[in-house]
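S.K.: Listed here are the chains, written in short residue letters.
Protein chains: 2
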Amino acid sequence: MSGDIDAGSEFDRGTTAVARDGEPGVYDSALGEGWRIGGGVNGGVLLAIAGRALAAEFGTAEGDRPAHPDPLAISAYYLTPGVPGRATVRTSVARRGRAVSSGQASLLQDDGQGGEVERVRFLATYGDLESGGGDLTTSAQPPDLPPPDGCISSRQAPPDFLKHASLLERLDMRLDPATTGWALGKPSGNGVIRGWLRMADGREPDPLLLLLAVDALPPVAFELGLPGWTPTLELTAHVRARPAPGWLRVNLTNRTLAGGFLEEDAEVWDSEGRLVALSRQLARASAPPQRS
Amino acid sequence: MSGDIDAGSEFDRGTTAVARDGEPGVYDSALGEGWRIGGGVNGGVLLAIAGRALAAEFGTAEGDRPAHPDPLAISAYYLTPGVPGRATVRTSVARRGRAVSSGQASLLQDDGQGGEVERVRFLATYGDLESGGGDLTTSAQPPDLPPPDGCISSRQAPPDFLKHASLLERLDMRLDPATTGWALGKPSGNGVIRGWLRMADGREPDPLLLLLAVDALPPVAFELGLPGWTPTLELTAHVRARPAPGWLRVNLTNRTLAGGFLEEDAEVWDSEGRLVALSRQLARASAPPQRS
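In the order they appear, the protein sequences are chains B and D. Taking UniProt numbering, the leading residue of the first sequence gets 1, the next gets one more, and so forth. Taking UniProt numbering, the leading residue of the second sequence gets 1, the next gets one more, and so forth.
Since the hints were made in silico from the structure, they are not lab data. Check each hint, because a few of them may be wrong.
Computed, partial: chain D to chain B, Cβ under 7 Å [to be verified]:
(1) 24
(2) 75
(3) 77
(4) 83
(5) 96
(6) 98
(7) 102
(8) 117
(9) 121
(10) 141
(11) 233
(12) 242
(13) 257
Now the in silico label distances, taken between C-beta atoms and shown as ranges [said to hold, decoys possible]:
(14) B:112 to D:13: 46 to 52 Å
(15) B:155 to D:144: 32 to 38 Å
(16) B:202 to D:244: 52 to 58 Å
(17) D:144 to B:65: 42 to 48 Å
(18) B:148 to D:63: 39 to 45 Å
Far from chain D, some chain B residues (derived; all Cβ distances over 10 Å) [to be verified]:
(19) 24
(20) 79
(21) 94
(22) 118
(23) 146
Being a predicted model, the structure only gives us computed values, none of them experimental. All C-beta atoms in this analysis are idealised placements derived from N, C-alpha and C, irrespective of residue type, glycine included.
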């Protein structure tokens, strides 16, 4: 189930959401030093933390309403960058239904002056991915990738880059060399980055981990020749099936850069070749393309 | 500007959001009989109503913060079907920033027992689509369509269908005959519906109208052989540029039906061949495919 915690896993320890005694709907969490990327904590980690809190709200059957443990759709609106330290998730229920339940969440941190500052606001609809029988029909094709050993490991990234991306130490990421021209100062301009992804400590994928997977690869803007920070304004993920154990394949694409904003579409495939998650985010492009 | 009202236009009269005296952030609206589709009021109309209320909140400059009139990203989580009659939009600001502002909205109606029932909850980030210079680069291609006169007008739909779709009287919609097999009981199974779209009364497109355009065509599920009602659970739209006057082209695609849910992606192109809006929705498939 989505809400299970493997205390031995870095992902589960990095995305805790512990119900606070006496305050229904409120969860304590912490943003770890080990999940930084660029100027803040990775947005997929924040999404997984809220996803876990909402799974706790909806994941238990009540009366004649079945359990809704899975994030069918979850939208994150990023307001200010998350920083390592304590965090609070405040959830509220919009509607509990028989087929699906919907709610919202805010992820907040101390503002250093005795108040709270909101990092991200979320809306989500939860259900049970197994209730429809788990059938999946698709015309989508998984990305054609060289085997993991023929790809470029994120551990080969330049030390300067790794210094600002502690997140990469938690991941085993292998990028298709056809989509890593940016790392050599020669972005293809194609707007595609694809690769293999699994957790470095072997933690197997589940719906919560997919919320990290959709935002874990380098931004597709890099392959457009935009090497700067591209902060996410909004990201919506759809989890379509519970993933099988093993490697995930992630395909990122961009088609349109307009008025200083670009979209990044992610598809995540499991080891059985099933499309298990889709996401789209809107990000702000860093100003002028620079070449190293 | 997004919030302008052309009192002579059906769209503007059908998507009012009038600030309520003495209640900051609260807007009065009404869902019209003329915007019904299937069992409720069209979801794109509800999106446009909330979009208009939020444009009123963010569309005026304040201090050193410029005006943010355009919905860069807006997510709608549909809770219960909207019905013709009065509606209230309650907005709240999450963050006012220099580059973008974010907020949320709820669309509510009387529950008939002296209370309110929530129809849709929204999160959105607004900005100024012209502030980035309006530049647009894209590798996306507009759909290849026969000219409008070579397409099938929605007015040719079966009377039984039109009876439950008063929305279609407001629209001038011309569907590519290659994607209307469903209307003859012979869905292609391809998961594509595309066509031309404009308002019947000649009201020109703007960012608010694009919020209707992304959800105005027949559901792509029809071409999958699922002719029943496919209620939208969630829809997120990105407006990427202000559209030029004239016909819009809309391309709907589906690739994956999984666990009883399907996604519908919409692309909207303006008369100058620019991709002006993108959306994705998650909908619940009607149970068993039926053939007429």
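S.K.: For each hint, tell me whether it holds in the structure or not.
M.R.: Hints, verified against the model:
Checking residue 24 of chain D against chain B by beta carbon gives a least distance of about 20 Å; that is not within 7 Å, so the hint is violated. The closest approach between the C-beta of residue 75 of chain D and any C-beta of chain B is roughly 4 Å, which is under the 7 Å cut-off, so the hint is satisfied. Contact between residue 77 of chain D and chain B, as hinted, is supported at the beta carbon level, the nearest pair being about 5 Å apart and thus within 7 Å. Of the supplied interface hints, the one on residue 83 of chain D is violated, with its beta-carbon coming no nearer than about 16 Å to a beta-carbon of chain B, more than 7 Å.
Violation of the interface hint for residue 96 of chain D is found here, the shortest Cβ-Cβ separation to chain B being roughly 10 Å, above the 7 Å cut-off. Taking 7 Å as the C-beta contact cut-off toward chain B, the hint placing residue 98 of chain D at the interface is violated, the least distance being around 12 Å. At a threshold of 7 Å, the smallest CB-CB gap from residue 102 of chain D to chain B is about 5 Å, leaving the interface hint in force. The closest approach between the C-beta of residue 117 of chain D and any C-beta of chain B is roughly 10 Å, which is over the 7 Å cut-off, so the hint fails.
Interface restraint check for residue 121 of chain D: the shortest CB-CB distance to chain B comes to about 5 Å, inside 7 Å, so the restraint holds. For residue 141 of chain D, the interface hint is violated, since its Cβ never comes within 7 Å of a Cβ in chain B; the closest pair sits about 9 Å apart. At a threshold of 7 Å, the smallest CB-CB gap from residue 233 of chain D to chain B is about 5 Å, leaving the interface hint in force. Because the smallest distance between the Cβ of residue 242 of chain D and any Cβ of chain B comes to about 9 Å, over 7 Å, the interface hint for this residue is violated.
The beta carbon of residue 257 of chain D comes within 5 Å of a beta carbon in chain B, closer than 7 Å, and the hint placing it at the interface holds. For the pair residue 112 of chain B and residue 13 of chain D, the supplied restraint of 46 to 52 Å holds, since their beta-carbon distance comes to about 49 Å. The hinted range of 32 to 38 Å is not satisfied by residue 155 of chain B and residue 144 of chain D, whose Cβ atoms lie roughly 45 Å apart. Range check, residue 202 of chain B to residue 244 of chain D: Cβ separation about 53 Å, and the 52 to 58 Å hint holds.
Against the hinted window of 42 to 48 Å, the Cβ-Cβ separation of residue 144 of chain D and residue 65 of chain B comes to about 47 Å, which satisfies the hint. Take residue 148 of chain B and residue 63 of chain D: their Cβ atoms lie about 53 Å apart, and the range 39 to 45 Å is violated. Remark: the non-interface label on residue 24 of chain B is consistent with the geometry, its nearest Cβ contact in chain D lying 20 Å away (cut-off 10 Å). Consistency note on residue 79 of chain B: stated as away from chain D, yet its beta-carbon is not over 10 Å from all of that chain's, at 5 Å minimum.
For residue 94 of chain B, the condition that its CB be more than 10 Å from all CB atoms of chain D is violated, with the nearest at approximately 5 Å. The non-interface label for residue 118 of chain B is inconsistent with chain D: the shortest C-beta to C-beta separation is roughly 6 Å, within 10 Å. Distance check on residue 146 of chain B: its Cβ is at least 23 Å (rounded) from any Cβ of chain D, clearing the 10 Å threshold; non-interface status holds.
Checked against the numbered hints given earlier, this structure breaks hints 1, 4, 5, 6, 8, 10, 12, 15, 18, 20, 21 and 22; the rest are met.
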